[in-house]
Amino acid sequence: MSAPVSKTTPFALIAEFDTPADAMHAAEKIRDSGYSRWDVHTPFPIHGMDDAMGLKNSKVGWFTFVGGVSGFTGGMLMIWWMNAFDYPIVVGGKPLFSPMFPFPVCYELTILLSAFGSLFGMLFLNRLPRLYNPLLRNRRFLGVTHDKFVVVIETSDAKYSDTETRKLLADCGSKHIEMVED
Amino acid sequence: MDAATSNGPKIAAPPVELERQPLVLNNRPLGWISDKVAGICENQMPKWWLPAFLISSTLMLMMFTLIAYLISTGIGVWGLNQPAAWAWDITNFVFWIGIGHAGTLISAILFLLRQKWRTSVNRAAEAMTLFAVACAGIFPVVHTGRVWYALMPGYLVPFPNSNAIWPQFRSPLLWDVFAVSTYGTVSLLFWYVGLVPDLATLRDRATSKIRKFFYGLFALGWSGSNRHWSNYEKAYLLLAGLSTPLVLSVHSIVSFDFAVSQVPGWHTTIFPPYFVAGAVFSGFGMVLTLLVPLRTLCGLQEIITVRHVELMNKVILATGSIVGYAYGMEFFIAWYGGNPYEKYAFMNRAFGPYWWAYWSMISCNVISPQLFWFKWCRTNMVFVFIVSIFVNIGMWFERFVIIVTSIHRDYLPSAWGYFRPTYVDVLTFVGSFGLFFTLFLLFMRFLPMIAISEVKGVTPQADPHHPLGGAKGGHH
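So the protein lines, in turn, are chains C and G.
Everything in the first sequence is counted per my numbering, starting at 278 for the first residue and increasing by one.
Everything in the second sequence is counted per my numbering, starting at -15 for the first residue and increasing by one.
So that you can see chain C by itself, here it is in the shape it has in the complex:
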C-alpha cells in the first residue's frame, strides 16, 4: 500500500538577488508593474526600499499614542482615586490631589504603556508571531537572514502569471528564480 502523497500547491515565486541595489531596482519595477501581493525579504532594512516598494508610512505610531494617553490618564485617575477619594491621606496639610505629585508615576506609566503600544502594535501590524510560513520551509530562502535579498511574488496576486512574472523577475537581474510550494 503506497503512502499518501501530500498535495502541495504553488505558493509564490521567489527571486534571489546579491546586492541591495539590485533588489531595490527590482522592487521599483515590480511596484510599477502593479503587483500587490509581493514583498522583498532582506537581512536588514534597506535604506530607500519603502519608497521603492511604494509603501506608506507605518501605523505603529498610533498604537504608541493610544498607549501613552491611556498610561497618563490611567495613572492620574488611579492616583486620584487611591490617594484622594477611596482612602484620602492628609500629608502635611497639602491638597489631597494636585497634578504635581503624581507626575513622576504618570510619566513612567505613559512611557510604559507607549512601549507596550509600540511593541504589540508592531507585532499586530506584522501579524506576528506567525507559526507557519511556507517561505521558511524553502532551503534557498533561508539565505535571507544571511546575506541574500529575495523578492517574493505570491501566486494569489491578481496579476500573477507563470510566464510573465518569471520573465519580469529575470529582467530585473535575478540569477535564481524558484517556485515555493505550500
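Simulated from the structure, these hints should not be mistaken for lab results.
Since we're looking at a predicted model, the values are computed, not measured.
One should not assume that every hint holds.
Listed below are the simulated DSSO-like cross-link pairs for lysine-lysine, each with C-alpha atoms no more than 30 angstroms apart in a straight line [unchecked claim]:
| id | chain 1 | residue 1 | chain 2 | residue 2 |
| --- | --- | --- | --- | --- |
| 1 | C | LYS284 | C | LYS436 |
| 2 | C | LYS333 | G | LYS100 |
| 3 | G | LYS456 | C | LYS452 |
| 4 | C | LYS444 | G | LYS456 |
| 5 | G | LYS359 | G | LYS20 |
Model the placement of chain G on the given structure of chain C, informed by the hints.
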C-alpha cells in the same frame, strides 16, 4: 532626498586621510558578520567560559545564601544602625541602576543621534542594562528586613488588599518602584525587539532540533519581509524615543530619594542631572570592562574596533568632566549659599572620618577620565580596561560618600555616629557581581552578543548607493 536614483553629478571620493575608519574592518562581506557572531553561540564553548561561569555562579549562590541569612535573622547582620540607616544597601542599588543607564543610552540616545557605531555594542550593552537592573532591584526589596512588606499589595504595589489601604504617591520611594519597574520592562522590550531578526538568523542556521525550536519560538516567525521591517523600524524608533526620556527620568527619580529629603548634602537640586551624568559615566565604564576583554577573547576585534572603544572613552571623558564639574559646583554652592549645615556636610566629606572614601572618589572619577584626552590612553586596550575598573570603583564610592557621609553627621551632634560594614554587607555586594556575570555569561553563550542585522546594515555592502552595495556608476 532622492533615494532611488543616483544619477547626480560625479563627485570625487574624499581623500583617504579624511575617510572615517570603517565600522567593520577589512571590508568583510555580510555573511561573514553572521558567521562570526553566531559562531560564538554555535561553536564549541570557549575554554575560559566554564571556569568563569563556575566562579560567578558560586559568588551568586553566596549572595543568595547571605540574603536568606539576612531575611531570617534581621537587618542587624548588616552594619546599619542609627544614624546610618542606609549604607551599602542603597549604595549598591544606585550603583547597579546607574550602570544600567549606559545600555539605554547606547541603544536609544545614540540611535536618535544617528551614531552608526553603536551597532557593534548595543546588544551587549542592553543585556548589561537588564542584568544590572536585576541586581539593583534586589537591594531595595531586601533592605527593610521584613521583605514581604515590600512586595505585598498595599505597601509598594497599588493592589487591593485586606487593609483596604493604598500606597502614598507623594513618596519618592514609590516613584522609584514605578520608575525602576518601567525601566526594566521597557529595556527588556527594546532588547527583545532588537533580538527578533537575529534570533531568526540563528534559527535559520540551527542544526539541532532544540536550537531550531527555541530560536524559532522567540523569533516569532520573522522572515525579513520589508513590510515587516517598515513597521519594525518605526517601532524601534519610537522605543528609542521613549527610552531616552525614560533613562533621564529614572535616575532623576532615584536621585529624588535623596533630594526630596531635608538632609544637608542630600537636599540639592543638582542631584537629577548629576546622578544621570554619573550613571552614564559608570555605565560606560562597565560596558568597557565587559567588552574590552570580550572582543579579544571572542575574536571580535574587527567588529568592535579600536574606533568603537575610542568613542566610548570619549563619552567617559565627557561625562566624567560633567561629574567633576558637579563636585566642584556642590562645594561652591555649599559655601556660597551660607547654610552652615550644608557647609559642614561638605567639609566633613573631604576632611572628616570618611575622607579616605572621598579622596578615592575624587581620584577615580575626576582624574582618571581626564587621561582620555591623550590618544595613546584611548587606544591602548589594557590601559582602557584598567581605567574602566577605576571608574566603577570611583562611582561606587561616590554613592557611598553621598549616602553615608551625609547621614552619619546631620544636624545634631548628639545624633552623630560612624558606620562600619559587616562581612554580610561586603559579601552580598560581591555576590551581586556574581549574579551579574552569571547572567551575562549565559547571555553571550546562547544569544548573539552583537546586533547582527544592525551591523550588517551600517556596512557599505548594505548601502544601495555605494559601489559595494551594487550601485553602478558615480560615487556615494
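The hints, checked one at a time:
no., hint, result
1, C/LYS284 / C/LYS436, "24 angstroms, holds"
2, C/LYS333 / G/LYS100, "25 angstroms, holds"
3, G/LYS456 / C/LYS452, "18 angstroms, holds"
4, C/LYS444 / G/LYS456, "23 angstroms, holds"
5, G/LYS359 / G/LYS20, "29 angstroms, holds"
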